[in-house]
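Protein chains: 2
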Amino acid sequence: MPFGQVAIFGPGLIGGSIAMALRSHSPKARISVWSRSERDLREVSTRGLADNVSTDTAEAVRGADLVVLCTPVQAMKDLAISFAPHLDNTTVVTDTGSVKVCVVDQLIPILGRKFVGSHPMTGSERSGIGAAREKLFSGAPCLITPTVETDPEALRTVSSFWTLLGSRITTLSPQGHDHLVARVSHLPHALAFTLVDLVASSLPADSALMAGGSFRDATRVAASDPSLWAGILIENRDEVSKALREMSGRLLSLASTLEQEKADSILDFLTKAKEHRDSLPLPSPDETI
Amino acid sequence: MPFGQVAIFGPGLIGGSIAMALRSHSPKARISVWSRSERDLREVSTRGLADNVSTDTAEAVRGADLVVLCTPVQAMKDLAISFAPHLDNTTVVTDTGSVKVCVVDQLIPILGRKFVGSHPMTGSERSGIGAAREKLFSGAPCLITPTVETDPEALRTVSSFWTLLGSRITTLSPQGHDHLVARVSHLPHALAFTLVDLVASSLPADSALMAGGSFRDATRVAASDPSLWAGILIENRDEVSKALREMSGRLLSLASTLEQEKADSILDFLTKAKEHRDSLPLPSPDETI
Chain F
428 MPFGQVAIFG
438 PGLIGGSIAM
448 ALRSHSPKAR
458 ISVWSRSERD
468 LREVSTRGLA
478 DNVSTDTAEA
488 VRGADLVVLC
498 TPVQAMKDLA
508 ISFAPHLDNT
518 TVVTDTGSVK
528 VCVVDQLIPI
538 LGRKFVGSHP
548 MTGSERSGIG
558 AAREKLFSGA
568 PCLITPTVET
578 DPEALRTVSS
588 FWTLLGSRIT
598 TLSPQGHDHL
608 VARVSHLPHA
618 LAFTLVDLVA
628 SSLPADSALM
638 AGGSFRDATR
648 VAASDPSLWA
658 GILIENRDEV
668 SKALREMSGR
678 LLSLASTLEQ
688 EKADSILDFL
698 TKAKEHRDSL
708 PLPSPDETI
Chain A
428 MPFGQVAIFG
438 PGLIGGSIAM
448 ALRSHSPKAR
458 ISVWSRSERD
468 LREVSTRGLA
478 DNVSTDTAEA
488 VRGADLVVLC
498 TPVQAMKDLA
508 ISFAPHLDNT
518 TVVTDTGSVK
528 VCVVDQLIPI
538 LGRKFVGSHP
548 MTGSERSGIG
558 AAREKLFSGA
568 PCLITPTVET
578 DPEALRTVSS
588 FWTLLGSRIT
598 TLSPQGHDHL
608 VARVSHLPHA
618 LAFTLVDLVA
628 SSLPADSALM
638 AGGSFRDATR
648 VAASDPSLWA
658 GILIENRDEV
668 SKALREMSGR
678 LLSLASTLEQ
688 EKADSILDFL
698 TKAKEHRDSL
708 PLPSPDETI
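These protein sequence lines are chains F and A, in that order. The working numbering puts the first sequence at residues 428 to 716. The working numbering puts the second sequence at residues 428 to 716.
There may be inaccurate statements among the hints.
All copies of an identical chain are treated as equivalent in the list; a pair is satisfied when it fits inside any one copy or across any two copies.
As the list claims (entries may be wrong) - Using 27 Å as the maximum straight-line C-alpha spacing, the simulated BS3-like pairs for lysine-lysine come out as follows: (1) LYS669 - LYS699; (2) LYS669 - LYS455; (3) LYS689 - LYS699; (4) LYS504 - LYS455; (5) LYS562 - LYS669; (6) LYS699 - LYS562.
Calculated directly from the structure, the hints in this document are not laboratory data.
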């Protein structure tokens with residue numbers, strides 16, 4: 428499906444990468460970029476990533492077939508209220524937020540059946556347009572979260588948009604999404620931040636200098652934007668806190684097994700985990716940062 | 428310090444990489460390799476990594492200035508008993524095990540003051556000589572664990588050996604080592620195995636397909652050799668179980684903070700962790716696998 432005009436709100440890592448990928452995969456598509464920051468818009472223009480930039484939401488959505496919200500989740504409701512009256516009847520809106528129940532609950536009353544939530548499962552511990560790259564979505568999963576109310580045509584538009592950018596699409600409910608990502612994304616982030624904190628507060632200052640690759644990789648995403656992640660963890664707090672309690676219980680149980688020197692149980696546990704990990708066709712580090 | 432002859436016991440990932448690095452940094456050093464497997468020794472010979480290979484421990488250590496034990500920790504005591512009578516008076520012995528108190532306690536009575544424990548903090552989730560590489564130690568930390576009994580000359584020999592291979596050396600007690608690595612290495616491994624198990628057992632089978640880079644990196648080392656890691660976790664069980672209980676408590680506390688919607692506390696926690704993570708001069712993924 429060709430896109431005539433796409434409006435991107437928030438030209439950061441995700442928004443900037445969408446503009447770059449669109450330029451590459453759909454060179455005829457016109458790109459309109461909104462930001463509240465004039466400076467960010469100048470940067471977008473300098474990089475040749477937009478045909479039109481604006482700090483005015485109404486101007487940004489004018490003529491757009493598709494609006495993609497790439498701002499922090501907390502900003503989406505007010506933006507939607509501000510541009511909703513200026514959308515065409517056929518304009519489809521999607522977002523890229525890392526939580527879906529709260530976004531969908533807030534935006535459907537404002538935007539109606541033409542809104543479909545989505546969540547590209549890719550990114551970087553770095554943020555901002557300087558970290559954006561054309562292939563960020565290539566081969567990466569993208570979760571799309573329609574509800575019973577969603578317009579089927581809008582769902583097709585959003586699906587074809589992410590497919591165009593190279594994503595592997597999965598469709599699930601907003602609730603299913605939040606349950607899943609609490610465990611495969613938010614929990615790994617929480618573990619990374621917590622592990623850094625544990626090492627920083629319980630060991631001498633130079634201890635991390637002695638760490639090898641396992642600590643580096645386990646904590647890579649602890650370099651992520653704290654305000655973005657505070658927002659995500661708070662918005663998905665019910666599922667994240669369940670996942671944290673589940674993980675906490677499993678660690679205690681592993682500690683007990685070790686204390687009882689149950690070598691066979693430990694070996695069995697590690698063997699099954701390795702088998703599962705080996706069976707996963709995870710994206711290679713080259714595919715997603 | 429030039430090395431005339433080095434004996435390597437166990438030509439796997441670590442032992443094989445030592446042979447490759449020695450060939451590169453000290454081309455005149457003779458390399459003797461011991462393995463209980465004829466097949467592994469043929470592989471070593473084919474790759475040109477040894478001047479002499481043997482399944483006989485006495486033959487392997489003959490004429491060696493330095494013996495490096497790269498086998499699993501559980502095998503070291505019996506090997507030491509078997510080759511100890513055949514060492515020269517000046518032969519120094521070190522090992523590369525991931526735990527140090529138990530190794531040092533077992534080997535000093537057998538090998539005396541010429542034994543110095545060491546632990547190169549590098550590796551890979553892959554194992555075997557096929558995963559070995561010349562630059563495995565380059566820029567990576569190496570912890571050396573002398574005791575009050577250690578011969579200072581033996582300590583200098585072992586230090587200069589790892590420096591020759593490109594490692595960054597830190598010296599600490601066996602107890603200090605086990606406390607430290609329980610947190611910066613064994614805990615990250617335990618978290619990786621546990622996170623894979625949690626996702627595998629509580630989500631639909633295809634869920635990990637929807638995971639992004641954070642899950643991939645958080646679980647990379649869950650692909651490590653289970654029997655090697657069962658051994659390490661059991662040998663260092665006191666410190667590892669303390670670290671697991673500490674981590675478990677911190678995750679519960681984070682869950683409570685989220686449930687109470689204390690957004691400021693969450694932001695503060697994430698900000699401090701990010702600052703600490705950003706301050707670490709960790710090895711880049713290019714330097715250690």
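Hint by hint, here is what the structure shows:
Taking the shortest alpha-carbon separations for LYS669 and LYS699, both the intra-copy value of 23 Å and the inter-copy value of 24 Å come in at or below 27 Å. Taking the shortest alpha-carbon separations for LYS669 and LYS455, neither the intra-copy value of 46 Å nor the inter-copy value of 59 Å comes in at or below 27 Å. For the identical chains of this complex, LYS689 and LYS699 are intra-copy neighbours only, at 16 Å inside a copy versus 37 Å across copies, given an alpha-carbon limit of 27 Å. For the identical chains of this complex, LYS504 and LYS455 are neighbours neither inside a copy (30 Å) nor across copies (70 Å), given an alpha-carbon limit of 27 Å.
In this homomeric assembly, LYS562 and LYS669 never come within 27 Å of each other (Cα to Cα): the closest approach is 34 Å inside a single copy and 42 Å across copies. Proximity of LYS699 and LYS562 under a CA criterion of 27 Å is satisfied in neither setting, with 33 Å inside one chain copy and 31 Å between copies.
Checked against the numbered hints given earlier, the structure breaks hints 2, 4, 5 and 6 and satisfies all the rest.
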